[in-house]
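K.L.:
Protein sequence lines, in the order shown, are assigned to chains A, B, C and D. Residue numbering for the first sequence follows the UniProt record's numbering, starting at 1 and increasing by one per position. Residue numbering for the second sequence follows the UniProt record's numbering, starting at 1 and increasing by one per position. Residue numbering for the third sequence follows the UniProt record's numbering, starting at 1 and increasing by one per position. Residue numbering for the fourth sequence follows the UniProt record's numbering, starting at 1 and increasing by one per position.
Hints listed in this document are in silico derivations from the structure and should not be mistaken for laboratory results. Hints should not be assumed to be uniformly reliable.
Said to hold, decoys possible - From the structure, some residues in chain D lie toward chain A, with a derived Cβ separation under 7 Å: (1) Leu584; (2) His585; (3) Gly588; (4) Arg591; (5) Phe619; (6) Ala640; (7) Val656; (8) Val659; (9) Val682; (10) Glu703; (11) Gln732; (12) Asp768.
Stated by the list, open to error - Once the Cα atoms are required to be at most 27 Å apart in a straight line, the calculated BS3-like pairs of lysine-lysine come out as: (13) Lys441(C) / Lys29(C); (14) Lys576(D) / Lys101(C); (15) Lys576(D) / Lys422(C).
We treat Cβ as the ideally placed atom computed from N, Cα and C, and that holds for glycine.
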Amino acid sequence: METLMTITAGILLSIGTYLILTKSLLRIVLGTSIFTHGVHIMLLSMAGLKTGAVPLLGEDAAAYTDPIPQALMLTSIVISFALTAFFLVLSYRTYKTFGTDDMDQLRGSKYE
Amino acid sequence: MKFSNVMLETATKIIIFIVLTFSTYLFFAGHHNPGGGFIGGLVMTAAIVLFYMTFDVVTAREVIPVNFRKIGAFGALIAVTTGVGSFLFDVPFLTQSFTYVDLPLFGETELATSLLFDVGVFLAVIGSVMTIILSISEDV
Amino acid sequence: MNNIITLPILIPLLTGIFLIFFRSIPLQKWISAIALIVTTGVSAYIIHLISTHGILTLQLGGWEAPYGITLVADMFAALLVLTTAMVSLCCLYYAFGTVGKNRERFYFFSFFLFLVAGVNGSFFTGDIFNLFVCFELMLISSYVLLSLGGERIQLRETIKYLLINIISSMIFVLAIAYLYGITGTLNMADLSVKVAEIGQDGLLTTVSLLFLVVFGLKAALFLYFWLPGSYSAPPPAVAALFGALLTKVGIYAIFRTFTLIFYHQPEVTHTLMMWMAALTMILGTIGAVAHWDVKKIIVYNVIVAVGLIIFGLSVFSSVSLIGSLYYFVHDMIIKALLFLLAGAVIIIARTHKLHEISGLIRHHPYLGWLFFIAALSLAGIPPFGGFIGKVFITQGGLENGDYIVAGIGLFTSLLVLYSVMKIFLNGFWGETILSKKEEGKVKNVLLPCSILAALTILLGLGAEWTYVYFEQAVEGLMNPNFYIQAVLHD
Amino acid sequence: MSWIHFFILVPILFSVFIPILYKIFPRIHTGWFVLSIPIVLFIYFLQQVPSVMNQEPVLHTLSWISSLGIDFSVYLDGLGLLFSLIITGIGSLVILYSIYYMSKEREALHNFYVYLMLFMSSMLGVVLSDNVIVLYVFWEITSISSFLLIAYWYQRKGSRYGAQKSMLITIFGGLSMLAGFLLLSIVTDTFSIQAMIGMREEIFHHSLFLPAMLLILLGAFTKSAQFPFHIWLPDAMEAPTPISAYLHSATMVKAGIYLVARFTPIFGGATEWMWAVSICGLVTLFWGSFLAVKQTDLKALLAYSTVSQLGMIMSLLGVGSMALYPGTEEASILLSTAILAALFHLINHATFKGSLFMIVGIIDLETGTRDIRRLGGLMSIMPISFTITVIGGLSMAGLPPFNGFLSKEMFFTGMLNAAESIGSWTTLFPYVAWLASVFTFVYSLIIILKTFAGSYQPEKLDKKPAEPPVGMLIPPIILASFVVVFFFFPNTLSYTVLEPAMQSILPFLLNTGEQFHVHITAFHGWNMELLMTIGVVLFGTILFFTLKKWSAIYDHLPEKLNINDLYNAGLSGMEKFSSKIIDLHMTGYVRDYLVYLFTFVIVLIGSSALHFQVFSFHFQGNGPIEIYEIVLVVVMVLAALYVILSTSRVMAVIAVGAVGYMLSLFFVILRAPDLALTQLVVETITTTLFALCLIYLPKLKKEISRVRVKVTNLLIAIGVGLIFTLIGLSVQGHRLLPPISHYFEDAYELAGAKNMVNAILVDFRGYDTMFEVIVLLIAGLGVFTLIKLRPTSREEKE
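The following block holds chain A by itself, in its conformation from the complex (with noise of 0.2 Å):
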C-alpha cells in the first residue's frame, strides 16, 4: 500500500510539475494543486500506513495510526489553501491587467 501511494505521489508530482512548466497561467495553478496533492500524499505515506486505528482514543486499539503526519499535513492543507487562493487572485488581477495568460509575454524587460 505504501508503495502504491508513493508512485501515485511520485505521478502526481510528474503530473504537476508538467503543467507548471507549460505557458498557461491558470495550468500552472492547477498544477501547483496538484503537486501540492503530491506532496501531502507523500507525506502522509511516511507514516506507518494501516498498522494502527484512526488516532481517536477510545478507539481502543492496540495501536494507533502515527498521528503527526496528519497533524502536519492539516497545516500544510490549510497553508496551501491560502497560497492557492492569494495565487489565483494575483492571476486572476495579472490577466485583466495585462489581458493576457500567456506566461511567455510576462516576461518583462532587462531595462525596467
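Once you have looked at the hints, place chains B, C and D on chain A.
P.N.:
What follows is chains B, C and D alone, placed relative to chain A:
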C-alpha cells in the same frame, strides 16, 4: 448572484440551518472526534456563502453587518492572546489547561483553554475565507 | 521558563493584528514604530541574558522536547534577531515617507510586521516543521508586500516569485517528510542526536541536500535566478527589507541545519556548498558589473554576499565562522542601507537608469557621502563593517587550503566596489543636470540611513565590543552539544 | 595610547573641524589652519630622531580588536621615521603651496583639506603600523583618499576616469597584499611584522613563501605604479597640482617602496625576491623614462618621470636585498650600498620632484596651459621659477652640484656591484640603468629648455604670465635649496636618518650592537660611475637636439602593447561579457527559472543518490492493497492527466477538484478522518474560488510550443516524479528509528483530548496552528488588497 426562486430560498434557509448546526457540532466535536476549529470554521463559511448566494450581497450585508476582515483579525487575536495569557501564570507561552466542571443540565463538562484557542481559529478562518470570497465576488 | 524569547515574535505579530482594527494612519505609524523599538530593546536584553546564562529555551505549551515545539535562542539566532529588529525599524521609518498613502491604508504596516514576526520566528524556532511554518508566514507577507500597490511590474514579478517559492516550499515539506520517515522526529536538537546516533548515511545525506536546495533557493545560493526580478519590483523600503532579511533567513537555515544536524559528511555537503558559494559570488558579480541600473546593481550585490557568507560556513573553522558571522550581520545592515539609498536616488532622479543620473551630490551632499560609506563598507574596505568579515573568511579559507575560492572572494569584492562606485561616480558626481525643482521629493531618508551607516561603522571600528557575542555564537555553532543540552536537558 | 598614536590620528581628528572653520572664517583661507598640523607633526618626528638613532626601536600598542589579534601597534624605527619625516615635511610645504594654489573663492576647500588630512593620517599609519591588518586598513584609506583627491574636480570626466582607474588598480593591489599578509600570518600565527621577521627561517622554508611574496609584491607594485600597473599614475594627474606633488610623487606612490623595504628582512636574500623586484624596477625605470620623453603635457611628463624614478628605487631595493643572501660577507657589504642608494634617492626624489611639480603648477596657473608646444621663453618673465626648475631638473638629470648626482652615482655603483657579485643576468643591469639615465637626462632637458628657453609665444597662451606671489614660491624654493644642501652636506642625512633606516632594512647584516656607518662623498675619483655619467650627458645632449628626427619611433610602438588601451578594453569587455552572460540565463521567463530549479534538483539529488547507492527498497510490512484503492488511484491519476490535455477550463478545474475529492476518500481509507473532512471542505471552497475567478480567466489554449520544449518539459516532469518516488520508497525501507508519536497516546491525560490529531494541532503544536491562522489571515487581507488597491494612473506610468 441572485436566485429569485422562493422554493430555493426556503430550501437554502433550511440547508443553512442544518449546515450551521453541523458546523457547531464539528467545532465542539473536535476535541475528541474528528472536527475542530478549522473544519468548523470552513463549514460555517460554506453556510454563510450559501446565505450570500441566496440573498444578494446587498441584502446579505444588511442582515450580517460585519466586516469579515475584522472578524478574521479578531480570531487571530484570540488565538494569540490565549497563549499570551500564560505569561500571567508564569508558564510557558501557549500553555493550555483543562478541567472538568459539573454544570447543571450538561453534567460533567470539560472546560479547556484550548477550546478558546480553537474559537480563535474558528473565527479567523471564517473571517479570512469570507474576505477572500467576498473580495472576488464583488469584483466579478 | 523563558517566555521573554517569544517577545521578538509576538510583539510584531500582535501589533500587526491590532493595526487591522485601526483606521488612523498616524496612529498605525506610531504603534508600529513603538512595537519595533520595544522589539529591539527586548532583543538586546535577550542577548544580554544569553551572554550570562547561556542558550535560552522555551518548551512551548510546557510540552517537553521533542514532543512539543521548542523555541531556542542561542547567541547566533539572537544576534540576527537584534539586527533584524534594528534594520526593520529603519526600513519602517523610511517607509513612512516613501511608501505612499494608498499602501498605508491597505494594511502595509501589518504586513510589514508579520514579515518581521516570520523572520524572527524562523531564527528562534527549534523545530524543523515549525521552521517551514515560519517561512510561510514570512513568505506570504512578502508576496503581499511585493504585490501591494498592484502596479504592472509588481503583479508580474509576484507571480514568478510566488510560483518558485511555492515549489520550493513543497520540496521543503517533502524533505521534512523524508527526514521524519527516517528519524521519526522533528525537533532539531533531537534530530541532531538521532542523526549522530544512527550515522549520517547516504540517504540522510541525500535528504540533507534536498534541504540545501530548498534553503539555497531562499538564500539565493546559486539558485538566485528568481531574485533580481522580484527584488527590483517593490518600493525601496520593502526591497530593503527583502534584501536585508529574506535571503538571510535562508542562509540562517543552512547554517542551522548544517552545523547542528548534517555535519557528519562535510566532504560532500560542505564541499558542494563551497563550490555553490564560489559560483554564486562569480555570477552575482557578473550581474552587478553588467548593469547600468541602480536597482539591478544593488540587487545583484545581494547575491554576491550570500556566496561569501556561505563560503565562510563551508570552510567550517572557528576563524572562518567568526568572519562569516560578522559578515552576516554586516550584510543585513549594509543591504538595507544600500537599498534605501538607491531608492532615494531613484526617487530624486525619477529614473533608475544610471546613464540618466548625474551630479546628485550638489544638492544632496549628505546622501552622497552616506552612499560612499555604504559602498566602501559593502566592498569590505576598512575600517567599516565588512572588512572584518572579509578578512577572517579569507583567512579561514586560506588556512583550509581553499586558495581558489578565497581568491574569488577577494577578487569579487573589488568588482563589487567597482559596481557600486559606478553609481557614485556617475550618479552623484558629474555635472548636475537636475535643478532642485525638477527633482523628486524624498522624506525620512537621512535619519534611518544615518543610523544604519553608524551601525556599519560601529561594527567595524567597535568590533572588539561585539566580539564576545560573536565568539559565543561561533562556539555554539562549532559545538552542537550546547544546543542539544539546552533543549533536551533543560 | 601613546603620543605617537595620538599624532598619527591628529590629522583625522582635526579634519572634523575643517568644515566648521571653513564656515566660520570664510575670509581666511582654511589652509592656514590646516598648515599647523603637519608642521607640529614634523617637529614631533624630528624630535624622535636622536632616540631612534641611538636606541632600540620601541613598540607601542593601542588595543583595538585584541581578541582577533588586530591591535594598533606602532613601531617607530629608522625606516618608519624616514618616511614620517618626508610625509610631514613635504606635507607642510604642499599645504603652504596649496594656500596660494587653491582659490578660497572658487574651491570647496573644506573637502580638499579633509581628504588631505585623511590621507596624511593614513599614510603615517601605513609607515608606522606593525600589525599587518592595521597596515592594510591604512593602506586602503590612502587609496580611498587618493581616489577622492584625484576626482576633486568631479564634474570633469577625466577626473572621474582617473580616479576610478587609480582606485581599481590600487585596491586590487591592496587586496592581493592582504591575501599575502594572511598567508604570512598562517605561517607565523601572528599579525606583527616584527614577530614575522623573527620567524624568517620558518617563512623561508614554508611552501607558502612564494605565493605570499608574490601577492605582497603585487600590492607594492600597484601602489608604486610599477610596470605594467603604472598606467594609473599619469591619469591621476587630473588632481590639483599640490596633490600631484604630494601624493603622486612624494608620498603615496612610495608606500610600495616602503612595503618592499619593510619586508626585505623577511624575503630579502631569496633570489626570487631579488629578481622580481629588481627586474620589475628596471623595466619600469626604462619604460617610464622612455615614455616621458614623448609627453607634451608637463604634468604627464613628470608623472612618467615619477614612474621611472620609482622603478629605479625599486630596482635598487631588489638588488640590495641580496645583501641578506646567506654566505658571502663581502658581497653583502657591497650590495648594501644599493639599499643606501635607494633610501638616499627616495629623499632626493621627494625634494627635486616636489619642487618641479610646484613649478609646473605655477606655470599652469600663470599661463593657463601645461602644454610644452605652447610654452617657451618664459625664462625672462619668470626668472625665479626658472632657477628652481634648473636646480630641480638638473638634479633629476643627475648632474652636480645637486643631490640627484650623488644618488645617481650610487645607483650606478649599486648596479655595477650587483653585476659583479651576483652575476648571471644582473650583468645586464648597468646597461639598462645607463640607457634609462640617458632618457632621464633628455626629459629633464625638455622640462627646462622647452618651457623656459626658446621663443616666447604669447599668442598661444590664455593669460599673460608673470611671476606668482612670493608665498607660492616659498615651498619650491625651500625644496630646491634642499637639493643643493644635500649635495654639499649629504652626511647630515646619513648619520641621522639613513643609517637607522638601513638598520631596519638589513637587520641581520650586523651583529647586535653594531651600527651602519655611512659616509657619502661627491667625488670618488675617475671611476666607472663617473664615466657613465659623462656618457649620459654626451649621449643625452645629442638625443635632445635630434629629438625631432628620432621621435617618430614612438609612432611605431605596437598598438596592442598599449597597456592603457588594454585596461580600457578590458573594462568595457568585462561589461559586455557580463551583459551577455546575464542575458543568456536571466531571461525573465519563469519557465526557464523553473527548469533551472528542477534540473538542479534532479541532477544534484540523483547523483547524490547514485553516488551513495541509496536506492534500496523493502516492501515487507506494507499494508495490503485493495481493489477499490487501485480504482481510486487510477481515477485520481486519470483526472490529473486530463488537466494536461483539456482545453476546457471548466473541465480542467473540475478534474483538479476530482483529484482533491479522491484524495479525501483516500484519507478515509488511510485512517485520517480529520484530514478527509478538511480536504473535502477545502477542496469545495477552492473549487468555488476557481469557479468565481474562472468567469474572467481566458479560455485554455492548446499548448503551442516547440517539440524540443515539450520534450524537455516531459523529461523534467518525469525526472522530478521519479526522483521523489525513489527516495520516498528508499526512506520507507529505511525507517531507522521509531517515531516520537507514542507520546501522544496519552493525549487524554495530558491535554484532555481524545482526538490526538486535534490535540496536536491546538495544544502540542498549537504554535504551528497559531502561525497558520495568521498565514490564512494574511492571505485573506492580501486578496482584499489585490482586488481593491489599484495603482493610480500616475504610478502606473512610472
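K.L.:
Look at each hint and say if it fits the structure.
P.N.:
Here's how the hints hold up against the structure:
For Leu584(D), the suggested interface contact is broken, since its CB lies about 12 Å from the closest CB of chain A, more than 7 Å. The criterion of a C-beta within 7 Å of any C-beta in chain A is not met by His585(D), whose closest approach is roughly 12 Å, and the hint is violated. About 4 Å separates the beta-carbon of Gly588(D) from the nearest beta-carbon of chain A, less than 7 Å, and the hint is met. Because the beta carbon of Arg591(D) sits about 6 Å from the nearest beta carbon in chain A, less than 7 Å, this interface hint is met.
Evaluation of the Phe619(D) hint against chain A yields a held restraint, the C-beta minimum of about 6 Å falling below 7 Å. The criterion of a C-beta within 7 Å of any C-beta in chain A is met by Ala640(D), whose closest approach is roughly 4 Å, and the hint holds. Proximity of Val656(D) to chain A holds as hinted, the smallest CB-CB distance being about 5 Å (cut-off 7 Å). Interface restraint check: Val659(D) against chain A, minimum CB-CB distance 6 Å, threshold 7 Å, status holds.
Among the interface hints, the one on Val682(D) holds; its C-beta lies about 5 Å from the nearest C-beta in chain A, closer than the 7 Å criterion. Using the Cβ-Cβ criterion of 7 Å, the hint placing Glu703(D) at the interface with chain A is satisfied: the shortest such distance is roughly 5 Å. For Gln732(D), the interface hint holds, the least distance from its beta-carbon to any beta-carbon of chain A being 5 Å, beneath 7 Å. Interface restraint check: Asp768(D) against chain A, minimum CB-CB distance 5 Å, threshold 7 Å, status holds.
A threshold of 27 Å between alpha carbons decides the hint, and for Lys441(C) with Lys29(C) the separation of about 20 Å falls inside it, so the pair holds. At most 27 Å may separate the alpha-carbon atoms for a hinted pair to count; Lys576(D) and Lys101(C) exceed this at roughly 41 Å. Between Lys576(D) and Lys422(C) the CA atoms are separated by roughly 15 Å; this keeps the pair inside 27 Å, and the hint holds.
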